[in-house]
Every structure is written in structure tokens, then in C-alpha cells.
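Trainee: Spelled out from the first residue to the last, the chains are:
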Amino acid sequence: MRKRSLSMAARKSREAYCFIIPAFIYMLLVLGYPLIYNIVLSFKNVNVKNLTKGGAIFVGFQNYIDLFQNDTFVLVLKNTFIFTIACLVFQFTIGFALAMFFYQKFRLSGPVRGLLLVSYMIPMSVTGLLGKNIFSNAGLVNNLLGKFGVSGPEWLVNTSTALIAVIIMNCWVGIPFNMLLLISGLSSISPEVYESASIDGANWGQRFLHITIPLMKGSMLSVLMLGFIYTFRAFDLMYIMTAGGPLNSTDVLGTYSYMLSFTQYEFSKGSAVAMVLFVCLFIVGLFYLRLLSKEDD
Amino acid sequence: MKKRLLTTGIAAMSLMVSAMPVYAEGSPTEVTLWHYFDASADAQAIVEWVDEYNSLQSDIHINCTYVSREELMNQYTIGALSGELPDIGMVDSPDMASYISLGVFEDITSQLEEWGELDQFYEGPLSSCMDSEGKLYGLPQNTNCLALACNMDVLAEAGYDHVPASLDEFKEMVAATTNADNDVYGFAMCCISTEEGTFQLLPWLRSELNGESVNVDNLTAESAINGLTVLGDFVANGYMSKECVNWTQADAFNQFAAGKAALAEVGTWHLAQTDTIGDAFKYEFCMLPTGDAGTSTSTIGGENFGICSGAENIEGCVDFLKWLCSKEKEGEWAVTAGKIPTRQDATADYTYEQEGFQVFVDEMNFAQARGPHAEWPTISEAVYTASQSVFVDGTAPADALAAAMEKITPIVEETPLP
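Residue numbers (our numbering), protein chains in the order written: chain A, 301 to 597; chain B, 367 to 784.
No lab work stands behind these hints, which were simulated from the structure alone.
Fair warning: there could be bad hints in the mix.
Dumping the calculated DSS-like pairs for lysine-lysine here, alpha-carbon to alpha-carbon at most 30 Å [as the list claims (entries may be wrong)]:
1. Lys501(B) to Lys349(A)
2. Lys432(A) to Lys608(B)
3. Lys501(B) to Lys353(A)
4. Lys773(B) to Lys349(A)
5. Lys773(B) to Lys353(A)
6. Lys378(A) to Lys432(A)
Looking at chain B on its own, in the form it has when it is part of the complex:
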């Protein structure tokens, strides 16, 4: 009887133990990662890469969740108060300063400095992960910039066999390639009333004129007024559709791909979408001719990853960031997603559009960051509103930029731009 009781007891204990979840020492911490990669290539890649990392170590187990960009930004803002944040979060580089200020991300300066590879990152993208005191809250995972896409067939019809080499030649080409009868505009860009619009407008406002260029804290300077005047004249003369005020960057690229724009301001990621053009026409890329001959300006874009406040296993999450932004992985990601690595030592062996990528890599030398500034969204709103008032209402560029400076000046006086 005793033996039967003992056997039953042992069996019951075994059953209980086997039914209990295993939290033995060494079992990985469950970690959540939120991202907004939605292009087929990068959306698939992030899932595969996370699976790969999960199989490489046993400290953390990452669960990857897609959240649309807008919703993700809202969740960060709400999470800053409620504490409901993921462990690892992706963020658009110009927005990171605001979220750092909101307390969304953890200070991981010491862990990253110990790593010893920070000097390999390009300064612009890395600075977007810092606060005003230089503390680091994440790593830039990919970067991109803007350049000019040219329809060489249309240019040839207008008598040009090369891409524009200066602002004057660019203006000439835009005028010569506009064909109102066929609804073909000389130039297309995105000037929508969101951060996308500011991203594309900034190269013109920060262009170089007579050896001088300014940042957004001095938009009443002659060079900024000249940059906006060039674009305003395009719209006023019918060389650029007024609809640019409602176009996203995808819309502007689609105008180019559909042959409705001879020249267009496009981003690095569009290189992965040139298959939509196919053999319809010959195209080339060149640096944005925004100012004095031989000069160019562009804007740095890209995505950062940070460790969110309250993350359970910060060390494990930082290790993942180091792996994700390692020399090899940076090069691999750039090819997969059509972006530029954020590290100088990373090599991206692009299997497509190699010449195009080289233009963007060269353009990175002239690309400038947005901010970083906690109140960048307000500065950005002032920039696109000023430009829209020129395009839509015909306001003089000098007056529009003076109105923008009324909003920007108090902000940068309190916390100057870096």
C-alpha cells in the first residue's frame, strides 16, 4: 500500500513538474522588438535576422512585431507616460531626440563605449542617437540621403546628353524638359505637410550660395531664400506640379517612374524600386545640384534602434544592437533594403544599381542631419509651412522664411542646434 502511494506521489510530482513552465537558470528573457519596416525586402529580413540572432545565443529571445510608423510613434508617446513600451524599438532618426527627451529610451552610453566600435559610425547618423549632453540612447541601423534621378531619354530630346552639373544648368534642364501638352513636368519632389516634406526641402534651404550656406536657425539668409526661390519659380512657371504639396516621396518617385517628370528628387531606398521603370526609359542618378557650381547638399535619413526604458534585460538587448549594427550585418542590410551602411568599415556589395548606389554614397559626404533637437517637429512644421505658402499662395520666399523664423528662433535660442 505504502509503495503504491509512493509511486502515485512520484508520478503526480513528475506530472506537476513537467506541466510547469520551465524558468530554469539560463533560459532566455523574452524581449519584444517593434519595427515599422514595411517594404517586402526589409520586413522579411528583420524577421529572419531576429530568428538568426535567437538561434545564436540563449540570453534573450526576441519577438518581432510590426507596428505601422504612425502608430509606433503614437505608442512611444503614450508609452512614455504609461510605461507600456517594447524592450527594443525602431525610430526615424530625426524623431529620436524628441523621444529621448520624453524618456522613451535608456541611456546606454557606457555599454556602447565599452564596445569600442563607435568611431566606425558616420558622425551624422550617430549624432541622431544622442541627447544634447552627448549621451547615447541607441545605434543608427541604416542611413540614406537624397539625390537627383534623371530621365536620360527626355533630356536627350531636349538636347542634353549628360546629367546637370550646376544649379544653373539644372534650372535650364527643368525648363527645357517640361512639356505641358503631354503632362510632363521638368521636376518632381515631395513638399507634403509632414516630416517627409521637410526632408526633401532642406537640401534647397541649406544650399550653398557664393560660398555660404546656413542651417534652419538662419533661414532668412540669402542662400536659403535663393533655394526656396528656385523651387517657387518652378511651381510658378509650371515646371513643377503644384500637387507636390500633397505628394509623398513615393508619389514623387512614381511620377518619375511613370515618365511624368524628367528629373526627380529621390531617396536611396528608391534604387530597390527601379524595376518599376524597367526598360521604359534610360535613367541615371546624380548629386543634387542645389547651389554653387560643384557643390551639393542633401539630407540624412534613416532608422535607429534604441533600448526602451524599463527593458528587462538591457545588457542582452544592447548585445543584439551591437550584432545588428556590426560591420558585416550593416553591409548585408544595406544590400537587402537598398540603404547605405551607417559604418565606414562596412562594405555593401550591391548586386543591382551599383552606379546609382555610388552616387548616394558620394552624396552622403554632403548630407546633413536634421537636428538633433527635441523640438524638431515644430521646426519641421515651420519649414514645410513656409514652403507651401510660396507654392500655394505665391508668398514671397523671403516673407515666408521670415515667418518661419518667428517660430524657429525662440526654440533655437532656448536650445541651440548642434
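Chain A extracted, bound-state conformation:
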């Protein structure tokens, strides 16, 4: 009897593998191959002179050592983290506040919420061009500041303000996205929970801290993790708005890797930068999976 149930379990497990195999092969080809190719490339010295003629040699970790000794790469890495963290903080906080606001039932709540989504629906390249105009010296932002008697900075020209302008434009796109996801999270909380808490005498702050936040933990975590992954690999916004300049002040790992590989034809160095990007995102992904499994437990 025991033997029979074992063989049934084994058969079921075989069937399960049959279902997994197509997806596994797909993943292996579409994700595994380019990833392995990229890893191999990052340990060689492939450049414009030897890409097709051959002669590229294995250089071990030399590309990575060169990168971390290069001031530009260190600046780019710093920019990427500043950009990601700043965007996450502002997008999440403002997105959460808006989600709480629009979750209330009031007249025109739906249409205004829909209007806010417009910035999320605009292609990033268009957002980049808009940002380039809005933050130019005589652009909308400085014009508005001028009306209040404030002389605005040269946003996209100064190395200290260019990244701020790019962060603001990215938040403009990211806030509605955060709001949308967080509203879905809020909708999943049963109104009865709030009702019973109110009957027990809980005020707004207590309801927010002890009901909303704990019950929204899963949604918040998803929004933050997705936001991190999406923002960390940013490319098109800075590519259009500033081309990574001035003086690499808005260069991030995505644009820098692209510049090394496709503008300077330093393919191995570009791959090494892409690997650094991948490793950072992989760690965040693992962290997310671990938190999810803890939630499930």
C-alpha cells in the first residue's frame, strides 16, 4: 500500500516536472543564455578591436577592479543609489498620501484619480523631453519661481541640481503608479475592521497605525520592491533629458553601461557595469522573495 502511494507521488511529481519543463527551457534560452554570455563577456577584454577579429583574452576580475578604481563609475554608482532611494521615498510617501485621499468617497474622486494617471501613461521619452523644457533656464519651473521673486537655479546645467530635476520628473511618473497599487491594497482591507475599531474608540491615527499599516504591509512591500527594481534600472529619462550630463552628474548604471558598450565599444567593461546592476537587483529580489515567504508562513 505504502509502495503504491509512493509510486503515485513519484508519478505526480514527474507530471509536475513535465509542466515546468517548457517554462524552464524558455527561461534558460531567454534569460539564462544572455546572462551567462554577459558574465563571460565581463571577464574578458572584448572591445572594438577584437570583437570580430578574435584575440580577446580572459582577464579575470580586472574589468571590475578597473571600474571600482574609476572615479566616474563610483560617481555613477552613487548617482544610481541616490536617484533610486530619493525617488522611492518621494513616490511612496506622496503616492500613499494620495491613495489615502482618493480612497475616500467624494465627488469627482474617480475622474481626478484618472487624470493623475496621465503622467504614468505618457511614454518616458516624451516625459524626458518635457523635463528638458520645464527645467531649462527659462522654463516653466524658473518662470513660476520668478513670479514669487525667487531666482531659480540652472537646473540641468549645474552638477548639483541636474539629478534633482531628473528625480522630480521620475517622481511625476512614479507617484500615480504607487498611488494605484496602494489604492488596490487599501481596497482589500475590510471596512468592518475600521468600524469595529471606531466603536472601540480608536482615533484616525490609531486606526492608521494599527490597522492600515499592518494590513497594508504586503502591498507596501510589493510597491517598494517593484519601485526599487523599476527605478534602479532607469535609462530613458536621463538619456533624453540630459544624456547623463553635465559631467556624468545624471549618469546611472543603465546609461553608463550603454555608453561603454554602444558608444565607446568597450563591450566587456559595459558588461561588467551591467553585472553590477544585475547583482544589486538580484540581492533586492532575493530579499523580496524571503520577505514574501515569511509573509506566507
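Guided by the hints, dock chain B onto chain A, whose structure is given.
Mentor: Structure of chain B alone, referenced to chain A:
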């Protein structure tokens, strides 16, 4: 019965034969051509010209595809590995050396030498189609250079009735025409952190000072430092907007066309866009006064066409290149697209801006090529980064150029510039 079977058989055979694609002897080879012409005039012209060539011969049938410049360059790089390349490809002249090195283009030296018309091409544009051994991989289809556009109304208000004749006079005019209250700058140019920026910066770095001028392999020379100092001072004194570090060449021209810059560094192709100025103000063009009195420097631009590796019918594709770059077609294209022919024997009868075109044609005598060098993009990056550090951070031009030379020197020591 037999007869009916035979009739049915013949009918079936006829049907099969008629349904089969015709690959009879003499049918043209399907050829793909990728280009990035995106201005209305040249984008339309390339399609019409390809149709015309298709109707003139039956060896190849060319299918013309537009791919944006950035995407086209990426496709060449990817295609160098995957082999997925068009048969005929367009490329920006300074990039060609890199793609030759990547193996994107076929060596067509023998076919072009047999043609016997290579000596008619200007040396600069033709050299951009060669590798370091002098082998040819394509033909220069159009060329252009940079000159100075002057708003004569603003100059008149500042007390000048002529275009600048020397660097000193140019500096004076830039200072005199700047009007901060009206947001009018004396000078506008593109210094963006791309090849466009390098293209516009090079005339100043390769300017002539006390009879001496240098190439990018010696940017710590006094003449190069002086050239960058002139531009750095413009920015520091507010005569040129710091925003030039984000301006493309189109942006710089738009500043001039909108009356926001009295003088601007512009390209030949902008002559086809002067209708945007209309009657708003009087304008003239003159050679770039970059150095000693009576001297000028400029940079050669333009597009080349090459035959990509693995092309099916190389001979047929080369014939198309010869036709496209023939004496008559070169002249015609220059007028259509607002460019300069790459051949000395071609005549371009410009129907508009004739005086302006003459300035650019004269300027071509002082225009220098970029490279050709397989690692030009890295050299270019060093050039625009040095200039941006002067404009944005206020770095001393000598220090900025010394930093650039730290990147450039190992490259040119390994493979010297021609």
C-alpha cells in the same frame, strides 16, 4: 479518358507553375538599405532615388528602410556579432572607422579602384571610408562643415555693419551683442556630451595661434588651450548660455533663429532651415574666426554608405553606390538635402541661400576630419568632457585638456591618428 487526364494534368501543372515564385535567371536580388535620413527633404529623396535606381536596372531590387540614427548604430554593433546586417548601410562619417574595425563593412577597394573616379572625391570625406591600411569600405555620400551665422540686425545695433573678420573682433562682437535683460546671448553653440558636442568644439581646439595648430593628439598645446579659453570665458562672462552643455546642434540653431543668440555656430544643413527665420531679421554667414587673423578652422561632417559584410550581391550593391555618388547625383543630392557634394567635379546649383552655401564651400578648405580612428568615440568623450568641466565646473582649460590627454595619449600611442 486519357485525353481528359492529360488536360487535367497540364492544367494542374500550369497552375502550380504560375503559383510558384519566379526565380528565373536575371531576376533581381532583393537588397536591403538602412538609412537614418529624417529631415523631410532627404528622407523623401532617398526613397525616390532608390525607386529610380530599381527602375534603371534589373540586377538588384533595393528595399529602403528608415532606422533612427541611434538604433541603426546599435544594430550595426549587434549585427557585427549576429550577422544580421543590411546589404547597404548608411553611417555617420566619424563612426565608420569603428564599424570597419568591428567587421560591419566589406572591403570594396578593388571594385572602387576599377571605377576610376576616386580621385574626384575630396580627401577628407573619402579618408573616413578607409581603415588604417587605406582599404576602402564605402563612399562618402554627402559632406558638410561648420560656419558662423550672424544676426546682422543685432550686430548693427551694437555698431557693426559687417561679419567678424578675426578672433579678436569676434570676441568683441560677442561681448557687445549680449543683452542679459532681453535674454539675448552673444554666441550659441552645441557642447552636449555626445559626438555632436565634439563636432562643434573641435574647430576651437584645432584653431591656429601664432601660426601653429594641433590635432586632438596634442591638446595641451597653447593653441588648443587658447581655443577652449575663448569659449570658457564666453560662458564665465555670460556671453554664452551655460545651457550649451545640454544643447544639440538643432537647439543652438533654434536659439539663433529665435533671435536669442546674435552669433551661432551652425552646420551646412541649417541653410535648408533658414525659412524658420523668415523676415524676422537679416542674417549672413561667414567662416568661423577661430584663430589668427585670416585663418579659420572647421570640422568635416557627413554621411557615408558602405556594403555590409555578408551582402548577397556585392557587385550589384557597389554599382548602386557608384550611381548614388556619381557626379550628377552628388550635385543633385547637395541641393535637395542642403549639403555639400563629396566630389570636386560635382556642381550643386543651389536654388536658395546661394551666398550661404558659398561660405560653407569655402570653409570646406579649412575643415578637418575627425579621426578616422577605431577608438574615436573614446577620444570624442575625452574632448567633450574636458570642455564641459570648463563650462560647468570652471576648471582651468589647461587642466581640463591635460586630463583629456591622459585618456587620449594611450589610444593614439597604440594607433596614431592619420
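Trainee: Could you run down the list of hints and mark each one as holding or not?
Mentor: Quick rundown of the hints versus the structure:
Our distance criterion of 30 Å between C-alpha atoms is met by Lys501(B) and Lys349(A), whose separation comes to about 16 Å. Between the alpha carbons of Lys432(A) and Lys608(B) the distance comes to roughly 14 Å, so the proposed pair stays at or under 30 Å and holds. Taking the CA atoms of Lys501(B) and Lys353(A), the gap is about 16 Å. The hint holds against a cut of 30 Å. Between the alpha carbons of Lys773(B) and Lys349(A) the distance comes to roughly 17 Å, so the proposed pair stays at or under 30 Å and holds.
Restraint check for Lys773(B) and Lys353(A): satisfied, since their Cα atoms lie roughly 24 Å apart, inside the 30 Å limit. Distance hint between Lys378(A) and Lys432(A) is fulfilled; the C-alpha atoms sit about 23 Å from each other, no more than 30 Å.
Of the hints listed earlier, there is not a single one the structure fails to meet.
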